[in-house]
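Starting from the known structure of chain A, fit chain B onto it as the hints suggest.
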Amino acid sequence: MVSIKYSVLKNLDGSCEYTTANSKVITGVSGPLEPKQRHRLPLQSAIEVFIKPSHGVGPSTREVLMQDKLATALQSIIVTEKYPRELIQVNAQILSNPFDSFGSLQNDPFNEIVSSMIDLNSCFNSIFLSLIDANIALKSCYFSNLFTINDKNQVINITNVESLESLQSLSHKSIHLLVFEIEENKISNILLMDSKGTFHDDDIIKVIDAAQANTELEFKNIRSLIKEKVKDDYIWKV
Amino acid sequence: MSIEFEEQQNLILPGDLLECEKNNKIIHILGQGIYLTYDNMLYHNNKLLATNAGIEQYKTIGSNNVCNIEYNSKRYIPQQGDYVIATVTNSYSTHFVCSIANFSNTVHLPYANFPQATKKNRPKYENGDLVYCRVKLLRKNLPAELECMDSETGNKDGFGILEAEAGRHSAVLNCSLAYCRELLFNDKEFLLLTKLVKNNLGFEVAIGVNGKIWICTKSLTETLCVYKILEACEKVNRSEHDGIIEKFVKEFIK
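Chains A and B supply the protein sequences, listed in that same order.
Here the first sequence is numbered in the UniProt record's numbering, starting from 1 and rising by one per residue.
Here the second sequence is numbered in the UniProt record's numbering, starting from 1 and rising by one per residue.
Think of the hints as simulated: they come from the structure by calculation, not from any bench.
Quantities reported herein were computed from a predicted structural model and do not represent experimental measurements.
Any given hint could be a false lead.
What the hints assert, rightly or not - Under the rule of at most 16 Å between Cα atoms (straight-line distance), these lysine to aspartate or glutamate pairs were calculated in the EDC-like manner: (1) B:Lys235 <-> A:Glu228; (2) A:Lys231 <-> B:Glu56; (3) A:Lys139 <-> B:Asp39; (4) A:Lys227 <-> B:Asp16; (5) B:Lys59 <-> B:Glu19; (6) B:Lys218 <-> B:Glu165; (7) A:Lys173 <-> A:Asp108; (8) A:Lys186 <-> B:Glu231; (9) A:Lys152 <-> A:Asp203; (10) A:Lys10 <-> B:Glu231; (11) A:Lys237 <-> B:Glu165.
The following block holds chain A by itself, in its conformation from the complex (with noise of 0.2 Å):
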């Protein structure tokens, strides 16, 4: 149920819009460029990250957290020491999200993590698209998911929840977003594991075990996009 479209943005390197069954992004990369003076750095590029809520002005204080969180996985997947003294610029905006509606984040506080969890989960896929279509160096591919643990020890993919109405009665009791480093097709280290709620050893290797599941499902059809894209970068070729 995840729908995605690259090159959106015409005079972006490269860019993307990333659907799932709850929410949706658009973001734009490009690069490398001039910085400015003060965000030089002699050997490796400099990497600034922008996020837009889908309503209100931002980057507020959530989209901050955000940003940093991709910032520093980004530093480790973009090669930064092949474009020294230069700028990778990561724009994304929030087109919408599942707790838009005024008065639905209700009184539960796992909504509000839940609803900054999806932007940052589909923020990560849609940059990484982005990167790829900006063809900017990275060392490796990655894919994020999210997934929660509800009371009666359930593993949920929340990124196919659809209706307001069942995301808010998920009754959670952990969630987790794993980001994974793929090299290969083969899934070989964990870039980002941010969990919040109460949950103990085995509910991680559970989430871990479902989550490199539906990696290696959902990277098939991406693989498969870029194939194509490829694809469309050459067409006319013979």
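Frame of chain A; chain B shown alone:
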């Protein structure tokens, strides 16, 4: 520069091991989009990984095996020996400052890199002028250096300012880098420009591999026509090129 895409679907993604690494083939020259991991400081048993999504290519030049990843992008990164269309953005006592990709680091075009350069005669280019030149030098910690002549012979060799003569009309088209490379280097197989000439369109053209095509014709409608055709042909299959040319020639020139 030939890609056997249909026969060999050797698509490669960042982090994938190269085919040569799997087969233990020795590669002497590494091209674009390849990364040598430095886990081991002595470069022993280090892995070769791809850094860009594209098509894996192998060639043998002389006794050297060359490996390259062919990929398309929009932003140009200077490489030694490339032909580019630069825009003059500033001038100093010894050099022009030029831009070859919007918002990227600027490059320098020294007055000494023009044919018959002396201390006194300096080219009179203004800010905003387009110059066809070549990347002469790439240094690690300094801006890239351009040249406006063949530095071996000292000839002009077609480099210099791109300027429409009085009564002629010119335009610059921005397009993807791979398309520009194909138009410039593969003119034997990629006959788009030849086809345009066959349709009675007379034009001057300068192609920079930084994604800029400069065209100049004797009338505004012809310039528009060539511009639209080149723009449209980037996004379609080669078999449809004839139809597009016919359509635009009819629309603009009749």
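Hint-by-hint comparison with the structure:
Taken as a hint, the Lys235 (chain B) and Glu228 (chain A) pair is honoured in the structure, with Cα atoms around 14 Å apart against an allowance of 16 Å. Only pairs whose Cα atoms come within 16 Å are accepted, and Lys231 (chain A) paired with Glu56 (chain B) is accepted, the gap being roughly 13 Å. A distance of roughly 13 Å separates the Cα atoms of Lys139 (chain A) and Asp39 (chain B); the hinted pair therefore holds under the 16 Å criterion. Proposed proximity of Lys227 (chain A) and Asp16 (chain B) is supported: the alpha carbons are some 14 Å apart, at most 16 Å.
With a C-alpha separation of about 13 Å, the suggested pairing of Lys59 (chain B) with Glu19 (chain B) holds against the 16 Å cut-off. For the given pair, Lys218 (chain B) sits about 9 Å from Glu165 (chain B) by alpha-carbon distance, which is consistent with the 16 Å threshold. Distance hint between Lys173 (chain A) and Asp108 (chain A) is fulfilled; the C-alpha atoms sit about 12 Å from each other, no more than 16 Å. Among the hinted pairs, Lys186 (chain A) with Glu231 (chain B) is inconsistent with the structure: their alpha-carbon atoms are about 39 Å apart, more than 16 Å.
Taking the CA atoms of Lys152 (chain A) and Asp203 (chain A), the gap is about 12 Å. The hint holds against a cut of 16 Å. For the hint linking Lys10 (chain A) to Glu231 (chain B), the alpha-carbon distance of about 13 Å falls within 16 Å, and the restraint holds. Proposed proximity of Lys237 (chain A) and Glu165 (chain B) is contradicted: the alpha carbons are some 35 Å apart, above 16 Å.
Violated hints, in rising order: 8, 11; the structure is consistent with all others.
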